[in-house]
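Engineer: Chain residues, written in single-letter form:
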Amino acid sequence: MADLPRPILILLVVAAVLLAAFPFVGDRFYIQLITQMMILATFAMSLDLLVGFTGLVSFGHAAFYGLGGYTLAILTRDTGLVSLWATLPITIVACGLAALAIGWLSIRTSGVYFIMVTLAFAQMIYYFFNDARGFGGSDGLYVKTKPDLAVSGVTLFTLQNRTALYYFALVAMLASAVFLWVLLRSPFGQVIAAMRVNEGRTRSLGFSLGRYKLVSFCVAGMLAGLAGYLGAVQFGFVNPAHLGWRESGRVLMVVILGGTGTLFGPALGAFVFVLLEDLLSNLTEHWLLLMGAFVVAVVLLLPNGIAGLLLRMAGKTSAIGVRATASIDKPRVVEAAARHGPILEIQNLTKRFAGLAAVNSVSLQLEAGKVHAVIGPNGAGKSTLINLLSGELPPTEGLIRYGGADITGAPPDSISRMGIGRSFQITNLYPSLSCFQNCRIAAQSRLPSSMRFFRPASQLVEVSDRAQRALNRCGLSQRSWDLASTLSHGDRRKLEIAMVLATEPDLFLLDEPLAGMGAHESREILDLLKSVARQHTLILIEHDMDAVFAIADSLTVMVNGEIIATGPVEQVRADRAVQSAYLGHRDAAE
Amino acid sequence: MTNTPRKMSRRDVLKQTTAVGLAAATSFIPMRPSIGQQAKVKVGLLLPYTGTYAALGHNITDAMKLGFAEAGNKLGGREFEIIQVDSEADPAKAAANTNKLIVGAKVDFLSGPVHSGVAMAMAKIAREEGTITIVSNAGANAVTREMCGSNIFRTSFSNWQVCYPMGIEMARRGLKRVASVTWNYAAGKEMIGAFREGFEKGGGSVTKEILVPFPNVEFQANLTEIASLQPDAVFAFFAGAGAVKFVKDYAEAGLKARIPLYGAGFLTDGTLRAQGQAAEGVFTTLHYADSLSLPANVRFREAFKKSVNRDADVYAVQGYDTATLLIRAMDSVKGDTRATKALVAAMEEVKFDSPRGPWHFSKSHNPVQDIYLREVKNGDNAVVGVAQKAVSDPGTGCATA
Amino acid sequence: MDPGAIAIQVLNGLQYGLLLFLIAAGLTLIFGILGVINLAHGSFYMIGAYLAYWLSEKTGSLALAIALALPASLLLGWLVERLAIAFLYQRDHLYQVLLTYGLILIFNEMQRIIWGNDVHGVTLPAQLAGVIPLTDLQSYPVYRLFISLICMLIAVGMYVTIHSTRLGMMIRAGSSSREMVQLLGIDVGRLFGVVFSAGAALTAFAGMLSAPINSVYPGMGENILIVSFVVVVIGGIGSIKGAFVGSIMIGLADTFGKVMVPEFSSVVVYALMAAVLLWRPQGLFGEK
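Residue numbers (our numbering), protein chains in the order written: chain A, 1 to 590; chain B, 1 to 401; chain C, 1 to 288.
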């Protein structure tokens, strides 16, 4: 949020000050109404973490809100605990555990299936409280006593008092906002931001996404539980309806209307939403019609919600990069080691797609420190081979050994962590991030762990330096702060390579790196690859034969999924079979 | 204009916006300046005006207005206004809506709701705030038991009150094994619980209590289950759409001929037209019946039909009695809404000559009323007799009972 | 439970499942081919029921009412697609959810404005109003058997259409890859319009068929909406076969759940969905 435009920052600060001052002049009813708004704002921000920042659309978030309320109601009914010190942490932990369980099961699915699974679990919890005995059923439960805060026997305040609750809710809302902001600037936050923009690339960089999603899900669940706790305190009453899909839908609306991925948007959205519901319902009996029309209008006219509107008014288009600052940590750098024997060994590797063998019993041994080119007509299976090596596809049969270790069937993230980096034939970047941010996330993937929450990512100087070096090497230093989506095709291919460089692998898998580049750019990249090849091993798929012959040490020719020739470049080039299948006849004879 | 019932006016809407406007507000406009001399009495209604129960909400409201109109549209000599808030029969919003009326609009009297879940929230807040509250439909037992209060009255019924007499009656008829069926929610459980109490007291036994997930109306599986249980009779509680469907399905499954159907009055109230032939011969108990020949009832039904061109039902009667209660109470204190104690005392003493028959309040502020036994004959709930006279809810757990 | 009761419960479950299939089939096609999450799908069910009620009151015949209501539903589906859904094709799921949610609110309110808040019943035509005695205690309504028959015929008809006609081929292709269909020069706008109206009309037809046995009341669309989504997700998005299998599964699970675990019968449906998704995250017949 350091990159929020000034007018908006000023707006938020003024709003916070006004909120703090309001109880001194405001009417009892409005104190309560605004407390409601602030609780909803906390709830909405927690969902924004999931939807706007992690890219997980949950349709069951109200389950945690309701669980927070029910935990308090059950605690006050059955245990007589009254202190804030006891009830609040217990509630938050309970919601965290529930989120852990549900999240762990749900993360396996994605997209619309994820939406439905979260809905299913929320409904199960809803029906549990609705149908089981002992929880008040569909009429709900009372919160017998409202919590108070006591320090060494002296009661500082009790939440029974309307004004005390107002301030507590205000503090909770601001604290949640700050907490989320810190979280999102940390290395953890960078990963989930990258995940939302391009999940496949992030996985291929070596991050095990499941863990990040789960942490995000738990944090969101706990904050929602906090909001639910406050909601139950406010009215002294919990009901299964608070857990239902309509409430989940309602808070999702608030987040979308406010503007996903902005934090302040959903908070503002909460205020607007409650106000709107209140006003419209006083205007006419058929106020739901107006509400529906409003929702439709926002979707069609304000695609980025209220926050988007405000940002546009303040003259902003989208996020910009953050510059590196003073160094604190040194990440472990993977050293290229001299190896004896082949660095990569493939035995009888086969990949079948429902009867069609795209790669058919391929066996190969590649030496370290050399450039190996793989060529062949379209459809020969070259890209499939690369996908098998990088873990994007599991082989049907066969064995892959890297540096002696068996990596057959390993997932892309573990292969990446072993020191194998790949670039993609079809550019696979983070379009809404800057070039620098693209490389930085790649460099960050080499950290032993990105599960660090409290220091800003910009403080990881080694990571930032490595990203910048990669950019410079590829000739993109002038474009560091430009969004990847604004680059020309050639520059995008360069960025693609820069990202691989930033991960500093031992083995490079490059899938048509020169595709679509003009002659001048191709030469630049070739020079770069030559310099890289001095200390690393490269496997290169290319169609540009001049480039191949300029740089490759050995050549493998694939046709119809099989290798028809492999060995040193000149030897393969002169092979008759290869010439007739692929290279064409160079000599007049034959 | 006198006493036009209205929702929150545009002026209030504007006030709210300015007061709450985050970025602009520099001054906060205080709520509702008092109008010089005597301000109007405010009667707040929390009822469903949209959703499945909307018809009930409208009937209660319209009958109240009729009652007020008949008394000259004045309460204790003062003008009044009705402030309506749509409860949507949604317990999740109940607390906020109640606050809108009590704290926001500062009503002098609060009435409603239809749904018991809403009533629970409303009762809690009303107890804390002390506003005089008249429950005009929700039958949750707790309202006049554990949650009772000196300022809380009920002009409708308690779930227990409606069904206990049927249990006694069915036992008296010699039925031995009965299966009961209802929705799995608090009101349903209270209804069949009360039935069971009465039935077992009379020597019968409940074979099975079938609970249908609320608010499902797909009963085929349950009907098959009933058939296989082969009870002497079935006691059912459903309301609204569920009641229509259940009775129809019950008849279509061929069960009605072999296993007679009994129920709480809501099973056949307001639903007969939709149920048609399927409802013929069903016995129910309720504190009212459309066909009651009491003069008060005949008069009321005519007046209601004339004023809104709809037929009155039990809900309208409850609304009408609520209006009567307010009128009598305010008359006795000459319109002084601040004399809460005197108001409450006056309300406790009111004797109603209601369309349902004469009744008065019990110590826990629940009606003490006759429960009628009705049978559906020719598309009408015909009163066969009085199942039990002057039934009073026990009020267990109520301090004033 | 004795075998007789079990058999009847199976019949109950099948009948419910077959009706669900009509709704789920439309939803899965819209989802699979148009790529749109349509929360307002349940509203068509409600509109069908209300049209059947209203027209049968006016004309005195349910059959005539349905004959009139069907083309009306097709037209309405077409209009909704052109005027609202068309804006969503390029947008992500979030906006589709929001916009169609707004549509639900609008449809519900319009229904209240036009037809009011009361609960209505629809009378059955005399020929179908009878019952067939199955056991000595219980009879089964003829109309329910009739509904099951109609739904089966429609299922067969859909199968034939999808597998043997040109339209069906386009639908299958579109289900696999929307871009491909566009590149092949097929008028995607028309295809989408046809698919959406067909889906809406199927759902409305389900509402019309079930109006006599369910009551017609405000908000009846929402309850069926959630269940039909569950069916689609279990079966796999875009798969009619999946919708069929899913509906039957849910129909049976729900029916037996009510009788065997009445306290938690509502959980059964959702637990089933969660279990299927954890085993096969893309649904039973969905594409990865």
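These are calculated hints, taken from the structure and not from any lab test. Any given hint could be a false lead.
Stated by the list, open to error - Once the Cα atoms are required to be at most 30 Å apart in a straight line, the calculated DSSO-like pairs of lysine-lysine come out as:
#1 Lys65/B - Lys306/B
#2 Lys201/B - Lys189/B
#3 Lys351/B - Lys106/B
#4 Lys306/B - Lys208/B
#5 Lys389/B - Lys74/B
#6 Lys334/B - Lys106/B
#7 Lys144/A - Lys306/B
#8 Lys176/B - Lys124/B
#9 Lys106/B - Lys146/A
#10 Lys189/B - Lys341/B
#11 Lys241/C - Lys305/B
#12 Lys241/C - Lys377/B
#13 Lys144/A - Lys341/B
#14 Lys146/A - Lys334/B
#15 Lys124/B - Lys146/A
#16 Lys93/B - Lys146/A
#17 Lys341/B - Lys42/B
#18 Lys341/B - Lys351/B
#19 Lys341/B - Lys377/B
#20 Lys334/B - Lys377/B
#21 Lys144/A - Lys106/B
#22 Lys201/B - Lys334/B
#23 Lys65/B - Lys124/B
#24 Lys334/B - Lys42/B
#25 Lys189/B - Lys144/A
#26 Lys363/B - Lys144/A
#27 Lys306/B - Lys124/B
#28 Lys189/B - Lys208/B
#29 Lys176/B - Lys189/B
#30 Lys305/B - Lys341/B
#31 Lys144/A - Lys124/B
#32 Lys306/B - Lys58/C
#33 Lys201/B - Lys124/B
Here the structure is a predicted model, which is why all the values come from computation and not from measurement.
Engineer: Confirm or reject each hint.
Structural biologist: Do the hints match the structure? See the list:
Pair hint Lys65/B plus Lys306/B holds up; C-alpha atoms about 13 Å apart against a cutoff of 30 Å. Using a Cα cut-off of 30 Å, the hinted pair Lys201/B and Lys189/B holds, with the two alpha carbons roughly 18 Å apart. For the hint pairing Lys351/B with Lys106/B, the CA-to-CA distance comes to about 28 Å; that is within 30 Å, so the pair holds. Our distance criterion of 30 Å between C-alpha atoms is broken by Lys306/B and Lys208/B, whose separation comes to about 46 Å.
With a CA separation close to 34 Å, the supplied pair Lys389/B and Lys74/B exceeds the 30 Å bound. As the CA atoms of Lys334/B and Lys106/B are separated by approximately 20 Å, the hinted pair is consistent with the 30 Å bound. Using a Cα cut-off of 30 Å, the hinted pair Lys144/A and Lys306/B is violated, with the two alpha carbons roughly 48 Å apart. Of the supplied pair hints, the one linking Lys176/B and Lys124/B is violated, its CA atoms being roughly 41 Å apart against a limit of 30 Å.
With a C-alpha separation of about 24 Å, the suggested pair Lys106/B and Lys146/A falls inside the 30 Å cut-off, and the hint holds. A distance of roughly 35 Å separates the Cα atoms of Lys189/B and Lys341/B; the hinted pair therefore is violated under the 30 Å criterion. With a CA separation close to 54 Å, the supplied pair Lys241/C and Lys305/B exceeds the 30 Å bound. Straight-line distance between C-alpha atoms of Lys241/C and Lys377/B comes to about 49 Å, which puts the hinted pair past the 30 Å bound.
The straight-line distance between the Cα atoms of Lys144/A and Lys341/B is roughly 27 Å, inside the 30 Å bound, and the hint therefore holds. Taking the CA atoms of Lys146/A and Lys334/B, the gap is about 39 Å. The hint is violated against a cut of 30 Å. Taking the CA atoms of Lys124/B and Lys146/A, the gap is about 13 Å. The hint holds against a cut of 30 Å. Pair hint Lys93/B plus Lys146/A holds up; C-alpha atoms about 20 Å apart against a cutoff of 30 Å.
Distance check on the hinted pair: Lys341/B and Lys42/B sit about 18 Å apart at the alpha-carbon level, within 30 Å; holds. A C-alpha spacing of about 18 Å is found between Lys341/B and Lys351/B, which places the hinted pair at or below 30 Å, so the restraint holds. As the CA atoms of Lys341/B and Lys377/B are separated by approximately 47 Å, the hinted pair breaks the 30 Å bound. For the suggested pair Lys334/B and Lys377/B, the alpha carbons sit about 47 Å apart, so the restraint of at most 30 Å is broken.
Distance hint between Lys144/A and Lys106/B is fulfilled; the C-alpha atoms sit about 25 Å from each other, no more than 30 Å. A threshold of 30 Å between alpha carbons decides the hint, and for Lys201/B with Lys334/B the separation of about 47 Å lies outside it, so the pair is violated. Between Lys65/B and Lys124/B the alpha-carbon distance is near 27 Å, which keeps this suggested pair within the 30 Å criterion. Taking the CA atoms of Lys334/B and Lys42/B, the gap is about 15 Å. The hint holds against a cut of 30 Å.
At most 30 Å may separate the alpha-carbon atoms for a hinted pair to count; Lys189/B and Lys144/A meet this at roughly 23 Å. Of the supplied pair hints, the one linking Lys363/B and Lys144/A holds, its CA atoms being roughly 25 Å apart against a limit of 30 Å. At most 30 Å may separate the alpha-carbon atoms for a hinted pair to count; Lys306/B and Lys124/B exceed this at roughly 38 Å. At most 30 Å may separate the alpha-carbon atoms for a hinted pair to count; Lys189/B and Lys208/B meet this at roughly 13 Å.
Of the pairs offered as hints, the one joining Lys176/B and Lys189/B holds, with about 21 Å between alpha carbons and a cut-off of 30 Å not exceeded. This hinted pair does not check out: Lys305/B and Lys341/B have alpha carbons roughly 37 Å apart, beyond 30 Å. Restraint check for Lys144/A and Lys124/B: satisfied, since their Cα atoms lie roughly 11 Å apart, inside the 30 Å limit. Using a Cα cut-off of 30 Å, the hinted pair Lys306/B and Lys58/C holds, with the two alpha carbons roughly 26 Å apart.
For a cut-off of 30 Å, the pair hint linking Lys201/B to Lys124/B is broken: about 33 Å separates their Cα positions.
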